[in-house]
Amino acid sequence: GQQVMQIPQYQHVQEGEDFTTYCNSSTTLSNIQWYKQRPGGHPVFLIQLVKSGEVKKQKRLTFQFGEAKKNSSLHITATQTTDVGTYFCAGRGYGGSQGNLIFGKGTKLSVKP
Amino acid sequence: GAGVSQSPSNKVTEKGKDVELRCDPISGHTALYWYRQSLGQGLEFLIYFQGNSAPDKSGLPSDRFSAERTGGSVSTLTIQRTQQEDSAVYLCASSLVPGSNSPLHFGNGTRLTVT
Chain E
1 GQQVMQIPQY QHVQEGEDFT TYCNSSTTLS NIQWYKQRPG GHPVFLIQLV KSGEVKKQKR
61 LTFQFGEAKK NSSLHITATQ TTDVGTYFCA GRGYGGSQGN LIFGKGTKLS VKP
Chain C
1 GAGVSQSPSN KVTEKGKDVE LRCDPISGHT ALYWYRQSLG QGLEFLIYFQ GNSAPDKSGL
61 PSDRFSAERT GGSVSTLTIQ RTQQEDSAVY LCASSLVPGS NSPLHFGNGT RLTVT
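Protein sequence lines, in the order shown, are assigned to chains E and C. The working numbering applies: residue 1 is where the first sequence begins, and numbers increase by one. The working numbering applies: residue 1 is where the second sequence begins, and numbers increase by one.
Hint data in this document are derived by calculation from the structure and do not stem from the laboratory. Here the structure is a predicted model, which is why all the values come from computation and not from measurement. Note that CB positions come from ideal geometry on N, CA and C, so glycine has one too. No false leads were mixed into what you were given.
The calculated label-pair distances, taken between Cβ atoms and stated as ranges, are:
#1 Gly-16/E to Arg-111/C: 32 to 40 Å
#2 Arg-22/C to Ser-26/E: 30 to 38 Å
#3 Lys-51/E to Arg-81/C: 44 to 52 Å
#4 Lys-57/C to Arg-38/E: 27 to 35 Å
#5 Thr-28/E to Thr-113/C: 38 to 46 Å
#6 Arg-38/E to Pro-61/C: 22 to 30 Å
#7 Pro-55/C to Pro-113/E: 41 to 49 Å
Straight-line distance between alpha carbons at most 25 Å, and here's what the computed DMTMM-like set of lysine to aspartate or glutamate pairs gives:
#8 Lys-105/E to Glu-17/E
#9 Lys-36/E to Asp-18/E
#10 Lys-36/E to Glu-44/C
#11 Lys-108/E to Glu-15/E
#12 Lys-108/E to Glu-44/C
#13 Lys-105/E to Asp-56/C
#14 Lys-36/E to Asp-24/C
#15 Lys-108/E to Asp-18/E
#16 Lys-105/E to Glu-85/C
#17 Lys-70/E to Glu-54/E
#18 Lys-70/E to Glu-44/C
#19 Lys-108/E to Glu-85/C
#20 Lys-11/C to Glu-85/C
Now the stretches of chain E that chain C is said to cover, found in silico as 3 or more residues with beta-carbon under 8 Å:
#21 41-51
#22 101-108
Here chain C stands alone, though its shape is the one from the complex (with noise of 0.2 Å):
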């Protein structure tokens, strides 16, 4: 089937625009994660979702940053007031049980620039 479909693939954007991004992930996968990679750099943890369960948004680097996930499936996260630090590339992984060995699929990624 699908892999995890990420759009737009690319973004640019004016300093203090509000952006978004929004992830779907492969059918029947209850886990979705955001990270986020600068130029060369790992992968930052953003935030998880499990199911019906409260996310854990410890990754979240300010208030700016928000994510939702309707339905148990699409996932959007927003950046409000984008400053250019936030330029980074937007990754969205599924899984399909969290918690055990099932490994991550990586969707393609947003690749945002605030200009």
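Bound-form chain E, shown alone (with noise of 0.2 Å):
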């Protein structure tokens, strides 16, 4: 079945640092979207790609959307405190179950000040 690896588990920098976060699928997606769960808190979502080769920006945050719309990333630039969390993509297939979305296992990002 579909799944979705996403690497690394776990990133630590320091303040200032960019961060990068990938996410590859087995199979082609029709859509990915990236959530971000801080610290006892509950995922929210971030942004949804869907062209392939689709760039988005939010502030310091650039997600790319690959071109065989299989595989994604989130880089942050000069992170903060504040990005501290975890990042998980979830990527929607056509057909299949679980409504669609396969959710990878996240990046914990820790920022050291």
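Since each chain comes alone in its own frame, lean on the hints to assemble the complex.
Now the structure itself:
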């Protein structure tokens, strides 16, 4: 079945450094969503990518969707302590189960001030 | 309007007891998901409801787990004869239209502790 792999599992950075998390699907995706979960909180939707090769920016966050629509990345420029949390990608496939939405295991980001 | 509401926020139960977890989705959202999140882990899919269609139960870990959604709105997740490995945060999410570009809106979850 469809699988979504996310790396790295953990990332520790110094405040001001950049951060990137990668998401890879075993199958072609119709779209991909990204969520952020703060410590002790619940996942909150960040953005959705739909088009092949799409790039979207939200302030210091840059999201990319691969040309083949099987991989995606989230890049944070100049991390701040407010970026701490776990970032999940969620790929939506074509047909199948689970509401067509498969979550990666997440990348936990810690930022040292 | 109000977000996804889950109750109780915390539940401590003894091994072997049954528990019911409730989810009240955002009004008008037709799709409802249940996920389980163990400490520091990812989101484990449990079950998915979409309108009046048969639910996708492919993620339920055992026959001790069941869920229903009444009237296309409120959902209840029931765990029978709870075990210690059932301890986790149970998250409910709803979305406006399934199979489209609708994001999931999560509730704050129910933290279940089985002693």
